[in-house]
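K.L.:
Sequence:
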Amino acid sequence: MTPDRRPNELTHRHSRIRFDVKELLRRPYASRGIPAAVLLFSAALLLANRLHLYLCSRIPGIACIPSWPVSLVFARVPPQIGYPNPLHIATGIASLLLLLLALRLLARANYSPQLVTVFGIALILATTLTHGWQFGLTRAAAGLGNMPQDYYQDALQISGPLEFLRGFTDRQPDLAIHSKTHPPGAVLTFFLLQRLVHDPAIITIAIAALASILTALVLVKLLAVVHDCSIAGRTLFLYFLIPSVQIYYAASLDALIAPLVLGSCVILFSNSPKWWGASVLCMLSASFLSFGALFVLPVVAVFEVWQHRRPWRTLLLAACLLLFYAALNTAFGFNYLRSFAIASGLENPDGFRLLAEPANYLMTRVEDVAEVVLFFGPFLSLILLSAVLETGARSPLNRLSLVACGSFLLVLPDWGLSNRRDRACGAVYGSLPRASRRREDRQHGFRRWGFPEACCRRLPPGARHAACGRLLVVSAARRAEVAP
Numbered sequence: 002m003t004p005d006r007r008p009n010e011l012t013h014r015h016s017r018i019r020f021d022v023k024e025l026l027r028r029p030y031a032s033r034g035i036p037a038a039v040l041l042f043s044a045a046l047l048l049a050n051r052l053h054l055y056l057c058s059r060i061p062g063i064a065c066i067p068s069w070p071v072s073l074v075f076a077r078v079p080p081q082i083g084y085p086n087p088l089h090i091a092t093g094i095a096s097l098l099l100l101l102l103a104l105r106l107l108a109r110a111n112y113s114p115q116l117v118t119v120f121g122i123a124l125i126l127a128t129t130l131t132h133g134w135q136f137g138l139t140r141a142a143a144g145l146g147n148m149p150q151d152y153y154q155d156a157l158q159i160s161g162p163l164e165f166l167r168g169f170t171d172r173q174p175d176l177a178i179h180s181k182t183h184p185p186g187a188v189l190t191f192f193l194l195q196r197l198v199h200d201p202a203i204i205t206i207a208i209a210a211l212a213s214i215l216t217a218l219v220l221v222k223l224l225a226v227v228h229d230c231s232i233a234g235r236t237l238f239l240y241f242l243i244p245s246v247q248i249y250y251a252a253s254l255d256a257l258i259a260p261l262v263l264g265s266c267v268i269l270f271s272n273s274p275k276w277w278g279a280s281v282l283c284m285l286s287a288s289f290l291s292f293g294a295l296f297v298l299p300v301v302a303v304f305e306v307w308q309h310r311r312p313w314r315t316l317l318l319a320a321c322l323l324l325f326y327a328a329l330n331t332a333f334g335f336n337y338l339r340s341f342a343i344a345s346g347l348e349n350p351d352g353f354r355l356l357a358e359p360a361n362y363l364m365t366r367v368e369d370v371a372e373v374v375l376f377f378g379p380f381l382s383l384i385l386l387s388a389v390l391e392t393g394a395r396s397p398l399n400r401l402s403l404v405a406c407g408s409f410l411l412v413l414p415d416w417g418l419s420n421r422r423d424r425a426c427g428a429v430y431g432s433l434p435r436a437s438r439r440r441e442d443r444q445h446g447f448r449r450w451g452f453p454e455a456c457c458r459r460l461p462p463g464a465r466h467a468a469c470g471r472l473l474v475v476s477a478a479r480r481a482e483v484a485p
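Its first residue numbered 2, the sequence shown is counted upward by one per residue in the numbering used here.
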């Protein structure tokens, strides 16, 4: 090769690489995009794991986790507990068939949110049952053997809800680890469910169903601000297929907290007194279940200042919180702030962890964010990234989404329990679909798309919402241009 041709070839190679990256973002399900996405995502995780192990071996105070960013993992093979038997495998096959049926019927029904919710609940329960009834459903609510479920076991010791509420701050240090770092609503929820249905497995099903219905109501309401029912239904189904939702909506109380936190944001997009009341009720309920729900207020406040310059609705939510807990303190002697301080002291006996254990604090915050990315997986992460780059912050929902996601990038004080499952499920609210109204850009002469539409246009027909499902290879095989 002559010297004068070499620079031109290098320039051409660099431009080809840039083109391939753009093509990967635009169509991650193309035949060449699938292996590239998998390899890039796997390489990024491996690099992050190696970096974690390198840092933890050299910086005191950082716990080394070989499977980082996953804290606890084991293969379901003998002699491990819960390894799959033929019934579990058959249930897994049935789950795949159910997903195929859902994709076919929902496409015919134009992704009706009601039908999407039914299939969402069915898929969550079906995938959970791949562990069997005992390990999949009963253990999630009540625990098994020497691994009891904290809320459920503490709920069995309650003689009455009012008595428990009155003496909560006094008995808080003696409760199980999850119960004592959460408000009394967490234990009282299991007390109520246990009195209503008794069977722990039915409690798990009830939590999954209630959380799914709440999610559908709130998410469709938010998307209805700028989208029609079909786009809302498609996005809702994609939400149900996110792995963290599939795993934890039938395994954790945080499944209820996530849609309640999301519901607190509805007040920002509605002038209806009915929805204002519903939003306030969501905020009160979420705060009664988890202290972490209070951190949605700064997110709402930043959005309001960005969008409207005046955070009146944030002040309304904060005022309702103050009045609600002032009334509880007056009527039953329950001091929310004191309980919050006790929970913080129990979780952080040496003081604020950022000051007491700065290295460990920073690493666990990074881990929390990394788990969210891990649960998104390679394809949904690429779709999310490309949609953000394409839609930017042009609509109110986009802005709220960016503020919520930004809250994970900041090292916020984590006063509550540092449970990784809380991050995997509860933090889903940070991935609010970036919705913006489809419109013509008259200046540049092309259409701009909101997040749900941008996502749909990147997936092959007939498998548009299998991004986090179990048929990635099957759906990717249907390579075709997406119709406008």
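Check each hint, because a few of them may be wrong.
[Said to hold, decoys possible] Simulated pairs of lysine to any residue, SDA-like, Cα-Cα distance not exceeding 20 angstroms:
(1) K275 / L285
(2) K23 / P36
(3) K23 / F325
(4) K275 / S231
(5) K23 / Y55
(6) K275 / C321
(7) K275 / L316
(8) K23 / I35
(9) K275 / W313
(10) K23 / L52
(11) K23 / W313
(12) K275 / I206
(13) K23 / A49
(14) K275 / A225
(15) K275 / S345
(16) K275 / V306
(17) K275 / E348
(18) K23 / L316
(19) K275 / W307
(20) K275 / L317
(21) K23 / R59
(22) K275 / Q195
(23) K23 / L381
(24) K23 / S286
(25) K23 / A37
(26) K23 / R51
(27) K275 / A319
(28) K23 / S382
(29) K275 / P359
(30) K23 / L40
(31) K23 / R33
(32) K23 / V389
(33) K23 / G378
(34) K275 / F292
No wet-lab data here; the hints were simulated from the structure.
Computed from a prediction, not measured in an experiment: that's the story for all the values here.
K.L.:
Check whether the Cα positions of K23 and A37 lie no farther apart than 20 angstroms.
P.N.:
holds, 12 angstroms
K.L.:
Is K23 within 20 angstroms of A49, Cα to Cα?
P.N.:
violated, 24 angstroms
K.L.:
Are K23 and L381 close enough, with their CA atoms no more than 20 angstroms apart?
P.N.:
holds, 16 angstroms
K.L.:
Can you confirm whether the C-alpha distance between K23 and S286 stays at or below 20 angstroms?
P.N.:
Violated. K23 to S286 sits at ~43 angstroms, over the 20 angstroms cutoff.
K.L.:
Is K275 within 20 angstroms of W307, Cα to Cα?
P.N.:
Violated, because 25 angstroms separates the two Cα atoms, which is more than 20 angstroms.
K.L.:
Quickly compare the C-alpha distance for K275 and A225 to 20 angstroms and report which way the hint goes.
P.N.:
Holds, because 16 angstroms separates the two Cα atoms, which is no more than 20 angstroms.
K.L.:
Given the hint that K275 pairs with I206, does the C-alpha gap stay at or below 20 angstroms?
P.N.:
violated, 29 angstroms
K.L.:
Holds or violated: K23 with F325, Cα cutoff 20 angstroms?
P.N.:
Given pair K23, F325 is violated - Cα atoms ~51 angstroms apart, limit 20 angstroms.
K.L.:
Given the hint that K275 pairs with C321, test it: the Cα-Cα distance must not exceed 20 angstroms.
P.N.:
holds, 15 angstroms
K.L.:
Between K275 and V306, does the CA-CA distance stay at or below 20 angstroms?
P.N.:
violated, 24 angstroms
K.L.:
Holds or violated: are the alpha carbons of K23 and L52 at most 20 angstroms from each other?
P.N.:
violated, 28 angstroms
K.L.:
Could you grab the alpha-carbon distance between K275 and S345 and see if it respects the 20 angstroms cut-off?
P.N.:
violated, 35 angstroms
Going through the hint list in order, the structure does not satisfy hints 3, 4, 5, 10, 11, 12, 13, 15, 16, 17, 18, 19, 21, 22, 24, 26, 29 and 34.
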